[in-house]
Amino acid sequence: MGTSLEISDDVLWGKLVKSWATGNNYIAPTRPAPPIPRTRDELLAQAAEIGLTITFPDGMVGLEIIQYSGETAVIKLPPKSMIEETEALLRGADALYPMPQFYEDFFAAPLPAMDEARRLELHAARIGDYSVRNCG
Amino acid sequence: MHGISLSTIPELVDGVTRLAVDADLSGTQNLLALTDDSMFGAGKEPAELRKLMRRLAARISRETLRSDRPGRSEDNPNIPSGYTYLLQFIAHDMVNTSISLAATAGRRFGFQNARQQPLTLDTIYGGGPDVSPQVYEYSAQCVHSRGLMPRTKMRCGRAQDRVHPDEKMPFADIGRAMPVEVQDSGLDSSPGNPECLRTEALVADARNDDHALIAQVTLLFHRMHNFILDQLNSATPAKTASDAYRNLICARFILTLLYRRIIVKDVMYRLLDPSVYRYYFLPDINSGKLVCDPDAGVPVEFSHGAFRCGHAMTRNSYRVRDDTPIPATRAMQFSSRRAPQFVPLSKEWIVKWEQFFEINGKKPANLSRRLRPDFSSLARSEFYFPPLLLSSDGPGLPNRDLVSAVYARIWSVPKLIDALRAKNPELANFLPTYQREYAAKLTAWLNETADPKGGSEQFEAGDIAAIVDDPPLPFFVLFEADIKHDGQRLGPLGSIIIAEAIIGAMVKSPLGKGPFVLDPMRLLKDQTGEFRKLGVDEKAFSVISEMQSFEDLLVFMNAHGLLHQG
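Protein chains in written order, with our numbering: chain A, 1 to 136; chain B, 1 to 566.
Wrong hints could be hidden among the right ones.
Covered stretches of chain B (chain A as the covering partner; in silico rule of three or more C-beta atoms under 8 Å from a C-beta of chain A) [unchecked claim]: (1) 49–63; (2) 125–138; (3) 159–171; (4) 450–456; (5) 544–558.
DSS-like cross-link-like pairs, simulated, lysine-lysine; straight-line CA separation at most 30 Å [what the hints assert, rightly or not]: (6) Lys423/B / Lys508/B; (7) Lys453/B / Lys18/A; (8) Lys453/B / Lys15/A; (9) Lys423/B / Lys289/B; (10) Lys44/B / Lys508/B; (11) Lys168/B / Lys352/B; (12) Lys362/B / Lys352/B; (13) Lys239/B / Lys265/B; (14) Lys44/B / Lys423/B; (15) Lys18/A / Lys362/B; (16) Lys533/B / Lys513/B; (17) Lys15/A / Lys51/B.
So the derived label-pair ranges between C-beta atoms look like this [said to hold, decoys possible]: (18) Val17/A / Asp323/B: 30 to 36 Å; (19) Arg91/A / Glu167/B: 19 to 25 Å; (20) Trp13/A / Asp130/B: 36 to 42 Å; (21) Asp323/B / Ile65/A: 30 to 36 Å; (22) Lys453/B / Arg91/A: 44 to 50 Å; (23) Thr443/B / Thr30/A: 20 to 26 Å; (24) Gln341/B / Val17/A: 39 to 45 Å.
Don't read these hints as lab results, they were simulated from the structure. Here a beta-carbon is modelled for each residue, glycine too, at the ideal position from N, C-alpha and C.
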């Protein structure tokens, strides 16, 4: 357990999500798509079955999976406490923005060091983005 | 044993449809003479076998389902994580093939083990300063002699602080260089604003730049070479080019001697089955017991089988400098060849070696993963190790190792066990027959985690029987280690293969020639007479201790300020 949700393989996780959303198995195309899990245990079992490890932060016990239609605008609001925790982290003197590593790896470039104001701007832009972005 | 990605050639159009024993293994050999019907996959279509390996790799990935069983720890208390990368370093010093057999579907065009002097630290010395000058410092002595004096000290490079890029960091990385005004299409060479990236690792073996941790191990050897050379230069100053070459070569002999002793007394001791270790290494190296011919080269059962066990030892994360775990995937970013935007090494990855090796009896923070058919998410990652053939392969190193075994013309496991027992009845004392010891357990293991409704690839009818009948060696070695020693060390077959390869390499490339011969098992101080023959003063050896383990080396280096150099 820790303080953040950890997923052992971003690509594999994305394939699992795409499989749930489309009904096509993106991990082993000849196999049936895994059903959308309804509980945390179901999710963990499915993940382990494909060799994926998910670690939840302390106290995160529930699971909610939302699937919506293209006609509905869905805005996902993150918890207030998580926003504030990250803001505190970003205000640290030598803080680096905690960008998921796959961005650096896919673009083959490290995230540059930024001053506090830029880190908080990026934080706001990213929260805004993933609150409304659907896919792609 | 080749580079991670760029040392392969594309699949040839006419793929191999039947594999047969190949007499010319180009610097490698089979452990014992092989016949067509004793080869792994004999009589099977390689392309179909390759798909079976993908299904086996999927089963290996499902080992995650078993990872939270009570009492099942992935940490190996017998082998700290530093050995994972020391083993990789040793692999680079044993085998250097230009292509991956998995990538070429078995066609041997261009396949060659270029490592002709295994275990002589070719992997750091390369061809010496005249062939591999990038490894060696451009010294003042070289400048003042118009280049007539050879470069003899090894390069170390400055690390970086990403948050405070102007801060001067220590020389805690391998050397790295940026090409200037070259016609590289990957570099923007706009006038006035050229793109400056350190695309060149200043090491002898580009594979030692594969990731942060192997580069840090390489740096240790560079520093230790420089220290030994300083002692030699101090005791017997190099006034001429000939003197300088002599001191360089003597430094290499001394470092190689210590390195070989560490391999035998520490690395093999930890890794191998105790009975096998006693048989081959006690009370001394027992080269008379070898069943393979050392002169014929490294056995493919080593390079494409048993020594792949190191891939299972990599962890998901490491505590590099303190208790904060850093994902192991981050280590992969530091490679001049693959990702020059990220280098030099950032300070978070300047290794504190007490975190990776047991020093002064203190358990390190990082233990290797147990030797089992169970791999870290990094080793299984599609991003780092994508399928070589999309139509046949799955992602990850385990699948690659299995595919390599298909095409390497290696022994079938049950037949190799029988052949070894027949060749030398002494081996039968600790090498049990396959059917009696493993077949039933392997059947049970393969059946575990099967789920007809599962989303991962499952075995097809006949697959399990086929694998039990003829398991691929890289997989079996891990399975054997799990069964025999709970994954803390290798089992008998894996250990025999590695002992044969390591001793064979030392016999093939002795330390010396003619009247000058060194023995890594004898004390260095008892062999100073050999160096006197070369005109080296004994004073050079006065501070070099008789180290037996990597821990001893690190303690020595720490005592002489070699681990933290400004």
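Hint by hint, here is what the structure shows:
no.: 1; hint: 49–63; verdict: holds (count 4)
no.: 2; hint: 125–138; verdict: violated (count 0)
no.: 3; hint: 159–171; verdict: holds (count 4)
no.: 4; hint: 450–456; verdict: holds (count 5)
no.: 5; hint: 544–558; verdict: violated (count 0)
no.: 6; hint: Lys423/B / Lys508/B; verdict: 21 Å, holds
no.: 7; hint: Lys453/B / Lys18/A; verdict: 18 Å, holds
no.: 8; hint: Lys453/B / Lys15/A; verdict: 18 Å, holds
no.: 9; hint: Lys423/B / Lys289/B; verdict: 11 Å, holds
no.: 10; hint: Lys44/B / Lys508/B; verdict: 35 Å, violated
no.: 11; hint: Lys168/B / Lys352/B; verdict: 19 Å, holds
no.: 12; hint: Lys362/B / Lys352/B; verdict: 13 Å, holds
no.: 13; hint: Lys239/B / Lys265/B; verdict: 37 Å, violated
no.: 14; hint: Lys44/B / Lys423/B; verdict: 27 Å, holds
no.: 15; hint: Lys18/A / Lys362/B; verdict: 46 Å, violated
no.: 16; hint: Lys533/B / Lys513/B; verdict: 12 Å, holds
no.: 17; hint: Lys15/A / Lys51/B; verdict: 21 Å, holds
no.: 18; hint: Val17/A / Asp323/B: 30 to 36 Å; verdict: 32 Å, holds
no.: 19; hint: Arg91/A / Glu167/B: 19 to 25 Å; verdict: 21 Å, holds
no.: 20; hint: Trp13/A / Asp130/B: 36 to 42 Å; verdict: 51 Å, violated
no.: 21; hint: Asp323/B / Ile65/A: 30 to 36 Å; verdict: 34 Å, holds
no.: 22; hint: Lys453/B / Arg91/A: 44 to 50 Å; verdict: 48 Å, holds
no.: 23; hint: Thr443/B / Thr30/A: 20 to 26 Å; verdict: 24 Å, holds
no.: 24; hint: Gln341/B / Val17/A: 39 to 45 Å; verdict: 29 Å, violated
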